[in-house]
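Protein chains: 2
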Amino acid sequence: MSTNSAELAQQYRRALVEDVLPFWEKHSGDRECGGYFTCLARDGTVYDTDKFLWLQARQVWMFSMLFNRLEPRESWREFARHGAEFLRRHGRDPDGNWYFSLTREGRPLVQPYNIFSDCFAAMAFSQYALAAQDEEARAIADATYRNILRRKANPKGRYSKAVPGIRPMVSLALPMILANLTLELEWLLDPATFNEAVDTCLREVFTLFLDERRMVLREQVAPDGRRLDCFEGRVLNPGHGIEAMWFIMDLAERRNDRAMIEKAVDVALHTLELGWDRERQGIYYFLDAAGHPPQQLEWDQKLWWVHMETLIALLKGYRMTGRKACWRWYRRVHAYTWKHFPDPEFGEWFGYLNRGGKVLLPLKGGKWKGCFHVPRGLYIGMRELEKLAAGPPA
Amino acid sequence: MSTNSAELAQQYRRALVEDVLPFWEKHSGDRECGGYFTCLARDGTVYDTDKFLWLQARQVWMFSMLFNRLEPRESWREFARHGAEFLRRHGRDPDGNWYFSLTREGRPLVQPYNIFSDCFAAMAFSQYALAAQDEEARAIADATYRNILRRKANPKGRYSKAVPGIRPMVSLALPMILANLTLELEWLLDPATFNEAVDTCLREVFTLFLDERRMVLREQVAPDGRRLDCFEGRVLNPGHGIEAMWFIMDLAERRNDRAMIEKAVDVALHTLELGWDRERQGIYYFLDAAGHPPQQLEWDQKLWWVHMETLIALLKGYRMTGRKACWRWYRRVHAYTWKHFPDPEFGEWFGYLNRGGKVLLPLKGGKWKGCFHVPRGLYIGMRELEKLAAGPPA
Numbered sequence: 116m117s118t119n120s121a122e123l124a125q126q127y128r129r130a131l132v133e134d135v136l137p138f139w140e141k142h143s144g145d146r147e148c149g150g151y152f153t154c155l156a157r158d159g160t161v162y163d164t165d166k167f168l169w170l171q172a173r174q175v176w177m178f179s180m181l182f183n184r185l186e187p188r189e190s191w192r193e194f195a196r197h198g199a200e201f202l203r204r205h206g207r208d209p210d211g212n213w214y215f216s217l218t219r220e221g222r223p224l225v226q227p228y229n230i231f232s233d234c235f236a237a238m239a240f241s242q243y244a245l246a247a248q249d250e251e252a253r254a255i256a257d258a259t260y261r262n263i264l265r266r267k268a269n270p271k272g273r274y275s276k277a278v279p280g281i282r283p284m285v286s287l288a289l290p291m292i293l294a295n296l297t298l299e300l301e302w303l304l305d306p307a308t309f310n311e312a313v314d315t316c317l318r319e320v321f322t323l324f325l326d327e328r329r330m331v332l333r334e335q336v337a338p339d340g341r342r343l344d345c346f347e348g349r350v351l352n353p354g355h356g357i358e359a360m361w362f363i364m365d366l367a368e369r370r371n372d373r374a375m376i377e378k379a380v381d382v383a384l385h386t387l388e389l390g391w392d393r394e395r396q397g398i399y400y401f402l403d404a405a406g407h408p409p410q411q412l413e414w415d416q417k418l419w420w421v422h423m424e425t426l427i428a429l430l431k432g433y434r435m436t437g438r439k440a441c442w443r444w445y446r447r448v449h450a451y452t453w454k455h456f457p458d459p460e461f462g463e464w465f466g467y468l469n470r471g472g473k474v475l476l477p478l479k480g481g482k483w484k485g486c487f488h489v490p491r492g493l494y495i496g497m498r499e500l501e502k503l504a505a506g507p508p509a
Numbered sequence: 116m117s118t119n120s121a122e123l124a125q126q127y128r129r130a131l132v133e134d135v136l137p138f139w140e141k142h143s144g145d146r147e148c149g150g151y152f153t154c155l156a157r158d159g160t161v162y163d164t165d166k167f168l169w170l171q172a173r174q175v176w177m178f179s180m181l182f183n184r185l186e187p188r189e190s191w192r193e194f195a196r197h198g199a200e201f202l203r204r205h206g207r208d209p210d211g212n213w214y215f216s217l218t219r220e221g222r223p224l225v226q227p228y229n230i231f232s233d234c235f236a237a238m239a240f241s242q243y244a245l246a247a248q249d250e251e252a253r254a255i256a257d258a259t260y261r262n263i264l265r266r267k268a269n270p271k272g273r274y275s276k277a278v279p280g281i282r283p284m285v286s287l288a289l290p291m292i293l294a295n296l297t298l299e300l301e302w303l304l305d306p307a308t309f310n311e312a313v314d315t316c317l318r319e320v321f322t323l324f325l326d327e328r329r330m331v332l333r334e335q336v337a338p339d340g341r342r343l344d345c346f347e348g349r350v351l352n353p354g355h356g357i358e359a360m361w362f363i364m365d366l367a368e369r370r371n372d373r374a375m376i377e378k379a380v381d382v383a384l385h386t387l388e389l390g391w392d393r394e395r396q397g398i399y400y401f402l403d404a405a406g407h408p409p410q411q412l413e414w415d416q417k418l419w420w421v422h423m424e425t426l427i428a429l430l431k432g433y434r435m436t437g438r439k440a441c442w443r444w445y446r447r448v449h450a451y452t453w454k455h456f457p458d459p460e461f462g463e464w465f466g467y468l469n470r471g472g473k474v475l476l477p478l479k480g481g482k483w484k485g486c487f488h489v490p491r492g493l494y495i496g497m498r499e500l501e502k503l504a505a506g507p508p509a
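Going line by line, the protein sequences match chains G and A. Per my numbering, residue 116 is the first one in the first sequence, and the count goes up by one each step. Per my numbering, residue 116 is the first one in the second sequence, and the count goes up by one each step.
These are calculated hints, taken from the structure and not from any lab test. Warning: the hint list may mix true and false statements.
Identical copies go unnamed one by one, so any copy, or any two together, can satisfy a pair.
Mimicking EDC-like on lysine to aspartate or glutamate, the simulated pairs with C-alpha atoms at most 16 Å apart in a straight line are [to be verified]: (1) 378 with 327; (2) 276 with 208; (3) 473 with 415; (4) 482 with 344; (5) 473 with 413; (6) 473 with 458; (7) 482 with 403; (8) 141 with 158; (9) 502 with 458; (10) 482 with 347; (11) 378 with 368; (12) 439 with 388; (13) 502 with 122.
Assemble the whole structure, with the sequences as input and the hints as a guide.
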């Protein structure tokens, strides 16, 4: 397997360094107003100039992380700085909450109703603080993280439309992101805060959201973990569940918890079995746990991030456990992903395919796709493959 | 044309009275808790019991309207009463705003953030008041209508996520629904209120939202009608625009305004030209006015209501103007609609097809599809066809 892994690692590295990153470096910098354009047409043309916090922050994180972990290219740090400055100046309301979107010039458009803006901002400023040795960036990451923990019990705040007390519900998304974010921020947290946050994430993900019988994660459950027989309670998001599992594998590896690694791999494989489209290939976007029609009209589409996150989970799972099912599934998902998503003509990757694997929207970036899942998946995939090339899996 | 129209009228009547209505009468009544189930699987099985105000109210309207206008069947009035009682008891918050959804038992689930719940409730209680000669129902319709006019300038209220003042935006949906609602409620409004509301609707739809060059309606514009180059400002919803035009044709006919009828027909035809999928047939759900990728992943799907509303607009347009383009398009959309949407096996109609016309979700009802667009389209289509059978178009 090692030669093969080495070749694959090269394939991921080349796509990352020679195709995907140059596309964003060339097309996404807003030299006039700062920050990044993320709404890029197939050929990189900017078709919308609004700035969505999720994507601004993720791109700052991306270039900072690559500077820190792949290669200290000054141009990468500078490109991260370009976005970080824009966010530092325009991203927060007076209470330090991160807006959801800004105009091109940085005026706030959509209120801080969405706590994931804060999560990605904390990730961004943490990596950027390391890249730039910037004390103010560290302080922003720290303050934002503490603010997230404060808002955690009621993340939507006054924007929640649920009538209180009738059908209380908690979402997987927040503990799942916190698993990843807490590990990202470990260097700036005191050990007690770190350990407590990790314990909470693991407990929540595995006791509240895990359906132990089917070994798949629910997206929403009652606060005591009870399953809810309503649209929100039944929906399954295979890509999300699988992504959560590689976050957990990272935490479990950090703690050297073999049993937890095995459990995370089990869940990832069961989720993939359930989410794989046996007729047309690829992984569904949404399913209903009871087999009812899901609410999401886009349920059968094949999305780039779902496939990238699955590749990461399978490679980590294989390296950490040596389970052959991980490698078998990895080869299958790798083949599908590389056949359908990269754009051979204009570079970078398509994001949205219909069920049959045809391009549904030719964009390279939009309101939700930016410089994040493709390059992160390529980078982590490359690293995992390099480790596999260097020696057999655990 | 008259024989043909008469046959078509029979086809619509039979589908309405022998197929669609019996499906809802058989499967949707909640005999235990009151109100209606709307989440019905292909065969009518209930797969979710939450009660969405839009759909509860629309079904009350439907059976009341049929009692009032098609045939005074006591079972229809009784079925309307069954829903009206549930809504009267559980539908409003203490200030008289209508919730968005309720549990099966009628406990409020989602707050009254959505003013269209109020619009459909007003429609429902107005028709039901006529059917049942119920003074309290009339008062509910009246109070709800006045509350809508009061909330009109800021329909989302405290649930709005937009930062005030940065990019103010108004939506076509509200003046468009008000055009229809005001005509529905004419019998209970004083003439001054009626006329002022109609004037406002017409002015707003045709001066703010109409793109005069392309003769299509924008969904969102600046309060002064300026076009906005952002996702919300560029999005086109052909079915919505065409539906708005038959509401306007009704108002213009009521006022005997020939020029306005012609204009509404022009807009409907231009919108259809733009929205028709020349490759795979059917009408797209969303498009971007500048040809950019729309934000909505479901943009290329073919939805039942889009096609039903288009049939109504084309039949009304043809009857009121005699324009041959209306009849030509009507035959084409009729053929597509009747080929793809009715379910020959279990009755009623599918709602969601993929671009190629294959069933995407086999449901007969859900969170957004209920007992409304199919039977309303069949009823109005039948009436228009009967008029055409009786004499040549205008």
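Do the hints match the structure? See the list:
{"no.": "1", "hint": "378 with 327", "in the structure": "within (10 Å within a copy, 61 Å between copies)"}
{"no.": "2", "hint": "276 with 208", "in the structure": "between (22 Å within a copy, 13 Å between copies)"}
{"no.": "3", "hint": "473 with 415", "in the structure": "both (12 Å within a copy, 13 Å between copies)"}
{"no.": "4", "hint": "482 with 344", "in the structure": "between (31 Å within a copy, 14 Å between copies)"}
{"no.": "5", "hint": "473 with 413", "in the structure": "both (14 Å within a copy, 14 Å between copies)"}
{"no.": "6", "hint": "473 with 458", "in the structure": "within (12 Å within a copy, 28 Å between copies)"}
{"no.": "7", "hint": "482 with 403", "in the structure": "between (25 Å within a copy, 14 Å between copies)"}
{"no.": "8", "hint": "141 with 158", "in the structure": "within (11 Å within a copy, 54 Å between copies)"}
{"no.": "9", "hint": "502 with 458", "in the structure": "neither (28 Å within a copy, 55 Å between copies)"}
{"no.": "10", "hint": "482 with 347", "in the structure": "between (23 Å within a copy, 12 Å between copies)"}
{"no.": "11", "hint": "378 with 368", "in the structure": "within (12 Å within a copy, 68 Å between copies)"}
{"no.": "12", "hint": "439 with 388", "in the structure": "within (15 Å within a copy, 54 Å between copies)"}
{"no.": "13", "hint": "502 with 122", "in the structure": "within (12 Å within a copy, 73 Å between copies)"}
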